[in-house]
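Peer 1: Sequence:
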Amino acid sequence: MTVKMSNNSPSQESTESDSENSIELNVNLDALQKSASNVFHVQCTSIQEFSKGGFHKVYILKMEDGKEYIGRVAFPVYLQWKTESEVAAMEYIRLNTTIPVPKVYYWNSSVNNSVGAEYILMEHLPSIRLCDIW
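One gets our numbering by counting positions in the sequence shown from 1 and adding 33 to each.
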């Protein structure tokens, strides 16, 4: 399954006439599931959209063993540097503070991969999203 992502609000459909600031990206969700299966050595049985922001689309990856992980797919903004900086910052904070930060298991900072976008596979921490309580 290939999904066309846009950083427009969910109620807007992306077309050729969208503003110049619109960013579109084709994401191969089957490839994201396959990557998760390879990284975690267990079959990824489903993928569900969890959240979408200005720079990422986030998916919950459900595995055959009952575990869940996060697949965070980036829009093509600040290619390579953004994803690599985010991974480095999360790892530094996770290792050097008591702030709960998800462990990154795998990342790919190239858009030239089977997913078709930069992405991060990480731990799914139980939490309440700030946007749900603010």
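No wet-lab data here; the hints were simulated from the structure. Glycine included, every Cβ here is placed at the ideal spot set by N, Cα and C. There's no promise every hint is true.
List of simulated lysine-lysine pairs, BS3-like, C-alpha gap at most 30 angstroms [what the hints assert, rightly or not]:
(1) Lys-85 to Lys-67
(2) Lys-85 to Lys-115
(3) Lys-95 to Lys-67
(4) Lys-95 to Lys-85
(5) Lys-67 to Lys-115
Label pairs and their computed distance ranges (CB to CB) [what the hints assert, rightly or not]:
(6) Phe-88 to Glu-156: 17 to 25 angstroms
(7) Gly-99 to Lys-67: 18 to 26 angstroms
(8) Asn-146 to Lys-100: 21 to 29 angstroms
(9) Leu-163 to Glu-97: 15 to 23 angstroms
(10) Pro-135 to Asp-98: 30 to 38 angstroms
Peer 1: Looking back at the hints listed earlier, which ones does the structure fail to meet?
Peer 2: Hints 9, 10 contradicted; others consistent.
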